[in-house]
Structure formats: structure tokens, C-alpha cells
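K.L.:
Okay, here's what each chain looks like letter by letter:
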Amino acid sequence: MGNALLQYATVLMLTIFVGIEIIAKVPSILHTPLMSGSNAIHGVILVGAMLVLGSADTTLEMVLGFLAVILATLNVVGGFVVTDRMLEMFKAKPKAPSAKNDEVAS
Amino acid sequence: MSRGTLIDLLYLVSATTFILALKGLGSPKRARLGNGVAAVGMLIAVVATFFKQVDGHNLYHVALILVAMAIGVVIAVPTARYVRMTAMPQLVAIFNGVGGGAASLVSITEFVHIHSTHPATYVTLEVLLGVLIGTVSFSGSAIAYAKLQELMTGRPVTYPGQQVINGVLGAAGVVLIVIILASGQTALLWVLLALSFVLGIAFVLPIGGADVPVLISLLNSFTGLAVAASGFTLGSNLLIVAGTLVGASGILLTRLMSKAMGRSLSNVLFSAFGSVVTASAGSGADARPVRSGSPEDAGVLLSFASRVAIIPGYGLAVAQAQHVLRELAEELEAKGIEVFYAIHPVAGRMPGHMNVLLAEANVPYEQLKELDEANSELQTADVALVVGANDTVNPAAKDDKSSPIFGMPIINADLAENVLFLKRSMRPGFAGIENELLYNPKTTLIFGDAKDTLTKIVAAVKAS
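Going line by line, the protein sequences match chains D and U. If you're matching positions, the first sequence starts at 0 in numbering that gives the first Met the number 0 and goes up one per residue. If you're matching positions, the second sequence starts at 0 in numbering that gives the first Met the number 0 and goes up one per residue.
Hints may contain errors.
List of simulated lysine-lysine pairs, DSS-like, C-alpha gap at most 25 Å [said to hold, decoys possible]: (1) Lys-24/D to Lys-441/U; (2) Lys-368/U to Lys-441/U; (3) Lys-258/U to Lys-461/U; (4) Lys-441/U to Lys-397/U; (5) Lys-450/U to Lys-24/D; (6) Lys-334/U to Lys-450/U; (7) Lys-22/U to Lys-368/U; (8) Lys-461/U to Lys-334/U; (9) Lys-22/U to Lys-24/D; (10) Lys-24/D to Lys-334/U; (11) Lys-461/U to Lys-450/U; (12) Lys-28/U to Lys-368/U.
Taking beta-carbon pairs under 8 Å as the criterion, some of the chain D residues facing chain U (in silico) [what the hints assert, rightly or not]: (13) Lys-24; (14) Ser-37; (15) Met-49; (16) Gly-64.
Read the hints as simulated data drawn from the structure, not as lab findings. This structure is a prediction, so every number in the text was calculated from the model and none was measured. Where is the CB? At the ideal position from N, CA and C, for every residue including glycine.
Produce the entire structure from the sequences given, and follow the hints as far as they go.
P.N.:
The following block contains the structure:
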């Protein structure tokens, strides 16, 4: 076991606590956007996919790496777009529509 | 500063944006900003990676990387952009699944790349874990997608000895990992891949459609862990941080979601919930009398109310009736009737589904009441209008100990003076459980498509 492994394990441990702390107080209506947003974030595997394809020596590695980049891109792009679409609907519209209707009605 | 250090610094920036993003996603005001921040962080990481050196050389096959990315973008953007709101949970499932698949492939490719150099045992272990978890997430998400998209039955698929078989499959995975580590038989990696694939399917099959959102959240967390495992193999702090963040927060989120249904996570995963038709609601139930009315009756009843509670459910999303519903609420408000929406945390196919749907129809945020508040307000409501909801208003959750949903918090529609139940047919809801509320003397059933019925009710309210 090298120092590198210990360093990674340290990062792992600290991040576990950050991950738990950070969403401890999320209102239930945001559970789904949160799930979808974190879904996009694990799309960072794209970086890993680029690295393995970018160092591929054999055809097998190239094929596997190529597939990995496609799948990871789907994850990143799809994840962010879907989350944005969900959250678009949460944007604040303080009473503007109903106020307008009142004017029409009166 | 060397190029490598600069890139690592950019990765650090990127990892920080992910943490900020998750924090932002926890608050309604900053959620969208948070998502945008993470997207920018992701872009920074991807661009920086193009300039990274691996094994002392620049990235090979840059053109191939760009082609693969282009293919991904061309498929993902239209899919994510134009799929209907009701299909959102499936989309999240499928995008999560491909992420798991990617993590698994990255681990495999890296292993193929380094295995001739006889990597240390712990490196092999990281690879094997990445493959196992990533592949389970991939095939499990595919089944979750099929269930939600109704490509297969949404009901739990059970067979004799299922738990035992699943247990054996899981144990076989662990044994296989030990064998590979001990013997160095790397060809067995492909066996592990196949086994993980089957395990993912077997794990998800017994989980009923109504519980699939919780499952997706769990699989989301799995993908995070698989990404973290790949990060160990590749020696990337960025992947470790991002993967672990998602893994840890995902598990907590999964528990919060099952808690919102009044059930434990293990109950969600292993009880094949909804597969048994309850004895108490057996064959004789259909013969019992119900009271049904016309949309015009409903319009009159609503017009003479002073407080109306609207209880939306999945049926509202299916019928795409949210705009007509808002129209109805506005008509009622114009008559001086107070209207609020009682939102069950798991109404629809995912938590927050109803909020998203109603927000799309410009329903003012303040009119949405969460479970506890809604229940206390319902006591003074004259009419509870149930649109497309079923299990979330089923009193069996309170009084019938034999019911599979016993213990789930529900919206007490029966507290209101009258209940108007808009329903397509007498068919039970997603969990497949008979609903006593339908037979309550306070209840009037209005059969038909929700959008159609609501349009007629709006006309009736206008006329009266």
C-alpha cells in the first residue's frame, strides 16, 4: 500500500461525511431534482472514460473506451438537461399570474 | 506551474462546484443555480482532461473521443429535452444506468490496459468492485426503466425461492472476487461481469412499480460508488470525490424517500410490495355500492363550497390535466372560494412530481401544502377533490393492519365534508390495493378521463 492509496482513502472518508451532511436538510419536494442532479454529477466518469480511451493501446481497449465515452456523455448531458428542465418549473413566480387574472376579472 | 498541476487545480475547482451544487439543490431558490454550477464544473473538468498527459504522453485517439462525445450529445439532448414530463423518472433511470455502465467499462478497460504489468491486489480489487457495482446499476436501471415505461409489468415479479437465489447470486459475486484476487485468474473478470448483469436484473425484478423511484435513488448511489471505485483505479481525486459525494448522499436520500412512504428501506427492497392482493379487499369488494355523479354535480358542489382542497396524483400527470386544474382553481377563487393543493410527498412516480407538474401549470407555490399542514387544513375543508390520486389517500394505511401500505402517512381526504373522487375506472391504484375511500358515504365518484372531466367541471362552475 502506497501513500497514494492512503491519500485516496482520506479523500474518500472526508467526502462521505460531506455527502451526508450536505443533504441532511432537504425538503421532500426537492428529493427528485436532487437525485437527478447527483445523477448528472456522477457523469464525471466521462473524465475517466476519456483517460482510458486516450491511453488505449489495443483494439479491445479502444472499443471499450469508445463505448464508455458514449455512455458517460449520455449520463452527463442527459443528467444536466433533465435536472434543468425539472428545476425550470420551480422558478419563483410570485402571484404574477393570478394578479393578472384578477385584473381581467374586475 | 506545470501543466499537470494546473489540470489538478482545475479538477479541484470542478470537485468544489459539485459540492456547492449539491448544497444548492437542497434549497428551492438556489437549486437551478446549483445545477448550472455543476454543469460548468463538469465542462471545466472535461476540457482540462483533453490537455492531460497519461503515462508521459498526450491523449491518444482525440478524434475518436470527440466522435464518441458527439454521438452521446446527439442522443442525449433531444431525449432529455423533448420527453414528456410524465416520463421523467424513466429518463433519470436510464441516464443513471448508462453512467453505471460507463463506470464498469472504464474499470474493465483500465484493467485490460494494466493487467500485463501485474497490478497490486488492491488495484484488482478496485477494478472488480467497480465492475460489480457499475454493472448492477446498469442492468438494474434498465429493468427499472422497463417497469416505468410499461415495457414490462410494473408489478413485482416473484418466483419461488427468489430471495434465496438472489442471496446465492450476491454471495457468488463475492466468492468470485475472492477467487480472482487469490488466483490471479483475470479471465474470470468476464464471468463477474455476466454475473453482475444477472444480479442487477434479479435484484430489481421483485420491486413493485410504486417503489421504483426509491430504487432509482439507490442505484444512483451505486453508480456513484462505482465511479469512486474507478477513481481509485485511475488515481483520480476528482472521480473519488464526485463518486463518493453521490454515493453517500444517495444512500441518505434513499432512506429519506422510503421514510416518506412510512417504510424501511429493506421493506422496500425485499418485500415484493404490492404483489399480494389483500385478502380483506377480495372478490366481494367489486359488488359493493358506490355513489357516482356527473361533472355537473361536482361543479355545483364546488361552487357552493368555501374551502376546497385539491389532492393530485399520478393520474393528473398521465391525463396532462394540470392546466385545466389550475383553470378550475382560478374559477373557484374568482368566486371567493379558498383553494389549496394537498401534496403527498410520494404522489406521482417520484417525490416532488406533483410540485413540478403544478409549477408547470403556473400554480402559485404558496397554494401547495405539504402532508402535515394539508391534513390539519383538510378538517375545515368543504370539498376534497381527488384527481388521479389513489394509494396516497387510502385509509387502509391507517386502519387495516393487513394492508401492505399500513403505516404509510396519507392525506386524510375523508376529513373534508365531501370527497369528489375523479377516477378513470374502479381499478385499484399502482400498488394494486383496494381503496376504502371509494365506498365512503361522503364520496362521490366521477368516472372518466381527468382532463375531460375537469373541463366539464370548469364549464359547470362557470355556469352556476
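K.L.:
Now tell me if each hint is right for this structure.
P.N.:
Status of the hints after comparison with the structure:
Taking the CA atoms of Lys-24/D and Lys-441/U, the gap is about 38 Å. The hint is violated against a cut of 25 Å. For the hint linking Lys-368/U to Lys-441/U, the alpha-carbon distance of about 23 Å falls within 25 Å, and the restraint holds. Proposed proximity of Lys-258/U and Lys-461/U is contradicted: the alpha carbons are some 42 Å apart, above 25 Å. Restraint check: the Cα-Cα separation between Lys-441/U and Lys-397/U comes to about 18 Å, which is no more than 25 Å; the hinted pair holds.
In summary, the hint linking Lys-450/U to Lys-24/D is not supported, as the alpha carbons are separated by about 36 Å, beyond the 25 Å threshold. Taking the CA atoms of Lys-334/U and Lys-450/U, the gap is about 22 Å. The hint holds against a cut of 25 Å. Of the supplied pair hints, the one linking Lys-22/U and Lys-368/U holds, its CA atoms being roughly 24 Å apart against a limit of 25 Å. A threshold of 25 Å between alpha carbons decides the hint, and for Lys-461/U with Lys-334/U the separation of about 9 Å falls inside it, so the pair holds.
A C-alpha spacing of about 10 Å is found between Lys-22/U and Lys-24/D, which places the hinted pair at or below 25 Å, so the restraint holds. Between Lys-24/D and Lys-334/U the alpha-carbon distance is near 39 Å, which puts this suggested pair outside the 25 Å criterion. Distance check on the hinted pair: Lys-461/U and Lys-450/U sit about 17 Å apart at the alpha-carbon level, within 25 Å; holds. For the hint linking Lys-28/U to Lys-368/U, the alpha-carbon distance of about 18 Å falls within 25 Å, and the restraint holds.
Given hint, Lys-24/D at the interface with chain U, holds; its Cβ is 7 Å from that chain's nearest Cβ, closer than 8 Å. Checking Ser-37/D against chain U: minimum C-beta separation of about 4 Å stays under 8 Å; hint holds. Nearest Cβ of chain U to the Cβ of Met-49/D: about 5 Å, under the 8 Å cut. The hint holds. Nearest Cβ of chain U to the Cβ of Gly-64/D: about 5 Å, under the 8 Å cut. The hint holds.
Violation of the numbered hints given earlier is confined to hints 1, 3, 5 and 10; the remaining hints are satisfied by the structure.
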